[in-house]
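**Student:** Using the sequences and the hints given, assemble the complete structure.
Numbering (my numbering), first residue to last: 34 to 147.
Please note that a few of the clues may not be correct.
In silico EDC-like pairs for lysine to aspartate or glutamate, Cα to Cα no more than 20 Å straight-line [what the hints assert, rightly or not]:
no.: 1; residue 1: 97; residue 2: 121
no.: 2; residue 1: 119; residue 2: 94
no.: 3; residue 1: 108; residue 2: 79
no.: 4; residue 1: 97; residue 2: 79
Simulated DEER-style distance windows between Cβ atoms [what the hints assert, rightly or not]:
no.: 5; residue 1: 36; residue 2: 80; range: 18 to 28 Å
no.: 6; residue 1: 62; residue 2: 91; range: 29 to 39 Å
no.: 7; residue 1: 44; residue 2: 65; range: 25 to 35 Å
Source of the hints: derived by calculation from the structure; they are not laboratory data.
Here the structure is a predicted model, which is why all the values come from computation and not from measurement.
Even for Gly, the Cβ is constructed at its ideal location relative to N, Cα and C.
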Amino acid sequence: QVQLVESGGGLVQAGGSLTLSCAASGSIFSLNVMGWYRQAPGQQRELVAFITRSGSVNYADSVKGRFTISRDNVKNTVALQMNSLKFEDTAVYYCNAVHYVQPWGQGTLVTVSL
Numbered sequence: 034q035v036q037l038v039e040s041g042g043g044l045v046q047a048g049g050s051l052t053l054s055c056a057a058s059g060s061i062f063s064l065n066v067m068g069w070y071r072q073a074p075g076q077q078r079e080l081v082a083f084i085t086r087s088g089s090v091n092y093a094d095s096v097k098g099r100f101t102i103s104r105d106n107v108k109n110t111v112a113l114q115m116n117s118l119k120f121e122d123t124a125v126y127y128c129n130a131v132h133y134v135q136p137w138g139q140g141t142l143v144t145v146s147l
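**Tutor:** Shown next as structure tokens:
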């Protein structure tokens with residue numbers, strides 16, 4: 034199993050930016066597709082972006098054009114650059130494999146104020 038540690042969250046005003054980071058204790062290349070998920074209060078966890086081991090990306094409609102996912106298969110890290118943040122982006126953000134799901138980390142809280 035791979036341990037995942039998310040960081041970079043915080044409080045930001047609407048329109049602002051944050052970059053989240055995910056550090057994995059093992060190879061993310063072997064996990065193939067990696068994703069960023071989020072869970073807002075009272076909501077189910079949702080996948081907002083994913084990236085294949087070769088770098089192909091896909092985004093949920095709600096974040097398309099504002100978020101950018103990237104990965105470093107050597108450093109075993111996954112990042113999420115978030116721009117033009119909206120109040121509705123407020124959530125705990127997690128990274129994990131999409132197909133070979135690992136134990137969930139603690140996540141990192143993003144709070145967007147109006």
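**Student:** A separate judgement is required for each hint: does it hold in the structure or not?
**Tutor:** Structure-based check of all given hints:
1. 97 <-> 121: holds (14 Å)
2. 119 <-> 94: holds (14 Å)
3. 108 <-> 79: Not satisfied, since the Cα-Cα distance of roughly 26 Å exceeds 20 Å.
4. 97 <-> 79: Since the Cα atoms of residue 97 and residue 79 sit roughly 14 Å apart, the hinted pair holds (cutoff 20 Å).
5. 36 <-> 80: 18 to 28 Å: About 20 Å separates the Cβ atoms of residue 36 and residue 80, which means 18 to 28 Å holds.
6. 62 <-> 91: 29 to 39 Å: About 18 Å separates the Cβ atoms of residue 62 and residue 91, which means 29 to 39 Å is violated.
7. 44 <-> 65: 25 to 35 Å: holds (34 Å)
Of the numbered hints listed earlier, those contradicted by the structure are 3 and 6.
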